[in-house]
Each structure stands twice: as structure tokens, then as C-alpha cells.
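J.: Sequence:
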Amino acid sequence: MSEGNVAFEYEEYTVGWVCAIPSEMAAARGMLDKIHPDLSQQDPDDHNSYILGEICGHKIVIACLPAGIYGTITAATVAKDLLRTFKSIRFGLMVGIGGGAPSSQHDIRLGDVVISQPSGTLGGVVQYDRGKILPQGGFQRTGSQNAPPQLLLSALARLQATHMTEDSRVPEYLAQLVAKSPKRMKGKFSYPGTLNDHLYKASYEHANPGSATCGQCDETNRVKRELRDDDEPYFHYGIIASGNHLIKDGKTRKSLSQAYGALCFEMEAAGLYNFPCLVIRGICDYADSHKNDVWQEYAAATAAAFAKELLLFVAPGQVLREMKILSELVSKNRPMDLYVAHSARYDSHDVKESPRCQAGTRVRILESIEQWAAQALGSPMFWLIGPAGTGKSTIARSVTDSFARNNRFAAGYFFKRGEQDRNDTNRLFSTLAMQMTDTVSFFKESLRESLDDLDKDAMEKTNLETQFQKLLWWPLENLKVSEAGQLPKIITIDALDECERPENLIRVLELLSRLCTIPTVRLRVLITSRSAPEIVEAFESHLQDGTAHTFEIQREFHEDTKLDIQKFLKSSFAGIKHKRRVQKEPWPTIGDLKRLVHLSTTPEPLFIYAATLCRFVSDKQQGPIRQLAIWLEQGSHSQLHQIYTPILDQAFLGFVEKEFSQKLRFLGAITVVARPLSTKSLAQILAIDLDDVSWWVSRLYAVLHVPPVLDKPIHVLHKSFADFLATSDDSDSNKYRIDVAGMHADLAERCIQYMKEGLKQDICKLQKPGVLRKEVDKSIIDSGIPEHLETAPGV
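Counting from 1, one number per residue, gives the positions in the sequence shown under UniProt numbering.
Treat the hints with care, since some could be wrong.
[Said to hold, decoys possible] Calculated pairs, DSSO-like style, for lysine-lysine (alpha carbon to alpha carbon, straight line, at most 27 Å):
| id | residue 1 | residue 2 |
| --- | --- | --- |
| 1 | Lys562 | Lys579 |
| 2 | Lys570 | Lys584 |
| 3 | Lys324 | Lys87 |
| 4 | Lys224 | Lys201 |
| 5 | Lys291 | Lys224 |
| 6 | Lys80 | Lys489 |
| 7 | Lys34 | Lys188 |
| 8 | Lys567 | Lys579 |
| 9 | Lys248 | Lys291 |
| 10 | Lys201 | Lys251 |
[As the list claims (entries may be wrong)] Between beta-carbon pairs, the in silico distance windows are:
| id | residue 1 | residue 2 | range |
| --- | --- | --- | --- |
| 11 | Glu353 | Gln621 | 18 to 26 Å |
| 12 | Gln358 | Glu757 | 46 to 54 Å |
| 13 | Leu653 | Asn407 | 47 to 55 Å |
| 14 | Asp711 | Thr517 | 40 to 48 Å |
Bear in mind the hints are in silico, worked out from the structure with no lab data behind them.
Each residue gets a CB set at the ideal place from its N, CA and C atoms; glycine is no exception.
With these hints in hand, go ahead and build the complete structure from the sequences.
T.: Structure representation (C-alpha cells):
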């Protein structure tokens, strides 16, 4: 081996050599004919550290898994990062140690080498812990890696034939490695001897778990084997079993070996689905309780030596003619194209900007959800129930933040009544699926295979069952790498009662419950909603069979919620006092604060009451002391009346009947439209002068999200406001009651009239009959179709 000073271009490296532990990387380095200089730089998203060099004319990149971190997912990440920097890699070698599975057919000894080779329907590597639970209680494996590249299999066949007529060069390479190793490693890379190689019966456990040696083990339980004529490693070709757990049990080894014909067990190869490679494993133990580390370095060396000999039979020119791995992946990684409800996603602007639980509040509720999510057993669905305004959505967002931080978030869907695409189930499964492409390993590739050539238009027209099968079930069932051994990932479904297609709820819950049985990923579903009759009916069977657990906020944590609201009000008023420079002391008084807590929690503790009160008092256009006084002057009315009447009284103050009617009509339209519209569009549709409402609507910031620009949609902050306007029970609040049916009729009539007057042939002046909307540039559509006309069909 020689040290070279010449640096090569990244594109010149064609072989990716992956190791799991440092001793494997050391053995690989020792096999290089030449060592190249280290990289001066690499892709910013590539976190690997490399050894570069040559073997038999092949320029090789050696990478190792991070110290102390093992498993299929880590291996997948290392391979993926390697391809970020070295884009010309043609194939890979996964080289290192493994646990042998001797049998009467395969006399595997420590120090021997097992090489992955296709057998029957298996490609050479089988993931033994990925599969599905059968109805009768059995387990059907579904995890199998593709066969190694044809180029390597051809070289492997020639090498096997050569070994039948000539001695292997592996002993020669091992001797060279020992000769050039430092003194402390010479013994470790040398053959440990037959006295350190004992195979015990599969049923016999290690006698002293606290001892690394078998000095106290019963020799009569050793398997008697004939002595070999030499101490050179033997080579075995066949199936390698890969999984996320270290096998250290003889019975398990025997059972899995018989089931899959496996010759060896290891923990990384199944993660290299997108990294076409040959797996080479030096046997360092027998995957049982007698396992120790005596053979690790030597086994790593025998595997590395075999890999070097194999490369003798692969011509460098032949390798260059192979397709680059990255080129094969380009088509797999093209952008997904599905219709999704973007604003319903967990990472949407609307969800991200919505409030979270204040520090120190909702502690026990959040802990209860976290405990449910971490349980190995128990109900896969958690139904958080509470009346409007009790903070269900805030809790859902807060706990989902925690799941996301800990890599336990799968996907989220946040329903919102009155907002198109967020108020039904049409895009529920597609929206969940698109998020899983970022949160579940290899889901994107599996989803792409499932969709095949089915475009987004065709997918959206299919029924719920088909969408579920194509977008979630099949892609998850056929994941190339199982995550079943990890903690559950959580799907959050918020405000299910705001779905305006109640006829679909029973089926949706059935499908979500079924999703939790998928064998490749442990999934759980958190659902929040009011206790609406249609929701209760949909959950009935799941509550009976134990697949759903209910948690009623008001019943379970009634007193906790009161204390949390008290903390929230104290903290919020302290913030208002500081920000608005209130000099009055004390403010609010102890008595006022007690009354506010009482109003916010009687008859039911409502966070929406406290939150809306604080927004009202902090109005920048009004003095906070006066605002608080107005609120406290209210009589004894329902909580919804107390929440919203002061806000509306102030917003409508001083209007004559005509102005009052105009503004109420505008406000009613905001609350009933199918999807949020801008001030500009609503004014146009209602034939109201924009200047008459643009200044006024900002007064309602305590109940509406009003963007600073007139062409951005207005959002109702909480559904209870629309409920208050539509179904007021207080006689003296009838002045703000909206005739919902009349409002819908008025809007429909006006939209139809606008479409009759405004729609015409070739409205965008394309002069191309039959062209599809998706083929037209958005700027052309925007200039040809006025905003109010474009939105009219959806109102």
C-alpha cells in the first residue's frame, strides 16, 4: 500500500465500500493498494467521513456508520450521504462482521466469510423483522432486498470457479495486513485459533452472563465438529438475514435460519435498498448468548480480504459502462404530484402560526397523550373530546410539536369547517401521504411505485378505499426498510367534527384503525373533536373493541383546566400591562382577576373565553383599562354571549341601521363561505364599496385574522364565533344573528349573476381551444379572470 499525493476528482470514484464499525473500516483501509488524499470539501448535507483509495485500478470510497449507532436506517443514511458527494458510484460493497448460522448443510466456523447471493425468490438479503401479522396470528415476511448488480454476480461466479482450481488470495492479503499493522493490532488481525472457536447447542444458554468467556459453560453441550486441515477461512454463498435487532439467542438463530435459509445475521444490509451492492460478512460469533468480541477484528479482515479478491475479477472499464446509482435514483426522486390540502398540513403556515399551550399549562393532559403514544400495547387511537373552546386544537398542536422534535411524527391533518379542502375527506389520505414522504424512511419510493402512472386527477376521482390502499396501505406495507422496532409514529387528526362529510366518518375511522396494524411502521392516531352525535357513532365500535381510548377534557381534568386558565390570564395580563405601559396598580385587581377566572370557567372552563378576552383587552386602538372595564360590565349571559358581544358592540358602535345591516351582512359572508375569501373579493361579490368595509373589518381582530393587504383571505379564528352568529340563544343578542340560509341564498344568487355576466369563451385570450387550465401560466389566468369571478364558483 502506498500513500498518494495526487487528489482525484469526485467523479472518478466508482465503488462505494460501506462499513459499520471502526475495525471494519481499518481492515478495509488495510486492503487498499493506494491511499488517496482526504477530501478538501464535500456536499454540505453529507455528514460522512471517508477514506479514499484504489484496489486493482478501482477508485474506492470507504465510509463507516457513526460511532455507536447501528441499524438499517443508519446504513441507509450513510449510503444516501455518500451519493451526495460521489455521484459517479456504480455499485457498493457492504463489508464487515456478522453472526454465523451453522447447520448440517453449512459448516460455518468463526473467521469464515458469508457472501450474499440470490437463492430462490430471495435476492441475497432478507429483512427478517419486516412483515405482516396474519389474521390467524402468524407472521408473513415481506422484506427482501433486490439481487446484487449483475456485474458483481458475474464476477462472483468466476471467483467461485477459480477457487475450485486455485488457492484463494485471501490468506495472502491477511498476511499483508498483519505485516503492516501497528504492534497492538497485529494479534487482533491474526487468526485467534480453534481453541477460541466453540459452537454450543442452540438450546444451551451461556452459563455466566457476567463473563465474556465460556470458562464456566458445560463442554458436553458443545457441538462436535471435525477439525479442518488448515486455518484458512472458508467461503459460503447464500442468504444473509438483516434486521434492526442484534440476535444473541441460539434458538432464535436456528428458527430464523431454518425459516429463510439464512447463513448469517447482521444489522445494516437491509437499509441499502437504494444502494445496489454485494454484502460480505466475516463470521465473528454464532449469534447466540456465547457471543464475545475475540474474533471481531479477524472476521472484519477476512471479509475485507475477500472483497479485495473479488475486485480482481471486475474490470474497471466494465464498471464505467454501468449506470450510476444516482442516475437510477433520479427518476425515483422526481417531485410527487398529488392534490393535497396544503393548509391542513402540520407544517402549513396556518397551523404553525396558531397558538400552543402556554408553558406550565395542560401539563397532565400532554403527559397522558405522551404516555399513550409511547406504550408498547394499548389502544392505537386516542380520542380527545371536549366542547368548543376548551383548547383541543391547541393541545393537538403542542403535543404534535413534541412528536416532531423527537422524530415520532408521521403526518397531520387539521380540519377547519368552512374552508374548502380542509372541511371534508377528499384530500385527507393524499395530504397524510405527502407528509409521510418526509417522515417515514423509503415511503416516497414505495408511494411512487404504488401510484405508478396514476396521475393526481385520476387519484382524486377514486373512492376513499382506493385512495387509502394506493396512498397509504400499499406503500407502507411494502416499505423496503422496516421501522417496526422503533417507537410509534403519530398521525394527528384535529377537529374531526369540522369535517362536513359526516357520512364518511365511520369509514375514515375504520381505515385509520386498520392503518395502525401495518407491520412495517408502528403507527398511532391522535384525534380531537367535539362530542358530536355523528362522531360518537363513528367511534362506537372502536370503543367496544378497544382500538380507541377516549379522554374527555372537561370530565378528566376539569380542575386542572381551571388552574391552567388562571395561569394563562395572569401571564397574559402581565404581558399586556408591560407592553401597553399600564401604570395602574394593581391591574387588574385581585378581585377583577378572580372574576375573569370565574367567567372563563363557569359553567365550563373555556380557553377560548380567556384567549378572546385577552385579544379584546390588548386592542391597540383602545385603552386596556377601558377595554377590561367594558368586559366586566356585562350581565349574566351565556359564555359565548360574554365572549363575543363586547367585541361586536364595540365594532358596530355608532352605526345607523343601514350601516349596521351592511356590516353584519359582510360579517355573515365571512363566516359562511366555503373557503376564506379576501376583503376585496367579498366586497365585490356583495356589491359593497370596498372603502366602506376595508377600514372596519380590522376592528374585529379579536375574532378574525385580517391580513394587512386586501387581496389575502380573512380567517375566522375560532369556529365558536360562527356558531354564536348562527345560533344565538340570548334574546338580546339577536341583533347579531346571521340568517345562514338567507346568506347562502344571497351569495349564490350574486355569484351566479357574476358568472353569467363575466364568463365568456376564451376569457384569457389564448386562442387555443381545448387547452387545460393546468397548462396555462398562472399570471395569464390572474390577468384574464378577476379574483371575484375566479372564486365565485367555490363560494
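J.: Using the C-beta atoms of Glu353 and Gln621, is the stated range 18 to 26 Å upheld?
T.: Holds, at about 22 Å.
J.: Is the hinted pair Lys248 and Lys291 satisfied, with a Cα-Cα distance of at most 27 Å?
T.: 7 Å, holds
J.: Is Lys562 within 27 Å of Lys579, Cα to Cα?
T.: 26 Å, holds
J.: Can the restraint linking Lys201 and Lys251 be considered satisfied, given a maximum Cα separation of 27 Å?
T.: This hinted pair holds, its Cα atoms lying about 9 Å apart.
J.: Are the Cα atoms of Lys567 and Lys579 separated by 27 Å or less?
T.: 18 Å, holds
J.: Given the hint of 40 to 48 Å, is the C-beta distance from Asp711 to Thr517 inside that range or not?
T.: The hinted range 40 to 48 Å holds for Asp711 and Thr517, with Cβ atoms some 47 Å apart.
J.: For the pair supplied as a hint, Lys570 and Lys584, is the alpha-carbon distance within the 27 Å limit?
T.: 16 Å, holds
J.: What's the verdict on Lys80 and Lys489, does the C-alpha distance respect the 27 Å limit or exceed it?
T.: 23 Å, holds
J.: Next pair to validate is Lys324 with Lys87; report whether the Cα-Cα distance is within 27 Å.
T.: Holds, at roughly 7 Å.
J.: Measure nothing beyond the straight line between the CA atoms of Lys224 and Lys201; if it is 27 Å or shorter, mark the hint as holding.
T.: Given that 27 Å is the threshold and the Cα spacing comes to 10 Å, the pair holds.
J.: The hint says 47 to 55 Å between Leu653 and Asn407; measuring C-beta to C-beta, is that right?
T.: 52 Å, holds
J.: Hinted pair, alpha-carbon criterion (27 Å max): Lys34, Lys188. Please report holds or violated.
T.: 23 Å, holds
Checked against the numbered hints given earlier, the structure satisfies every one of them.
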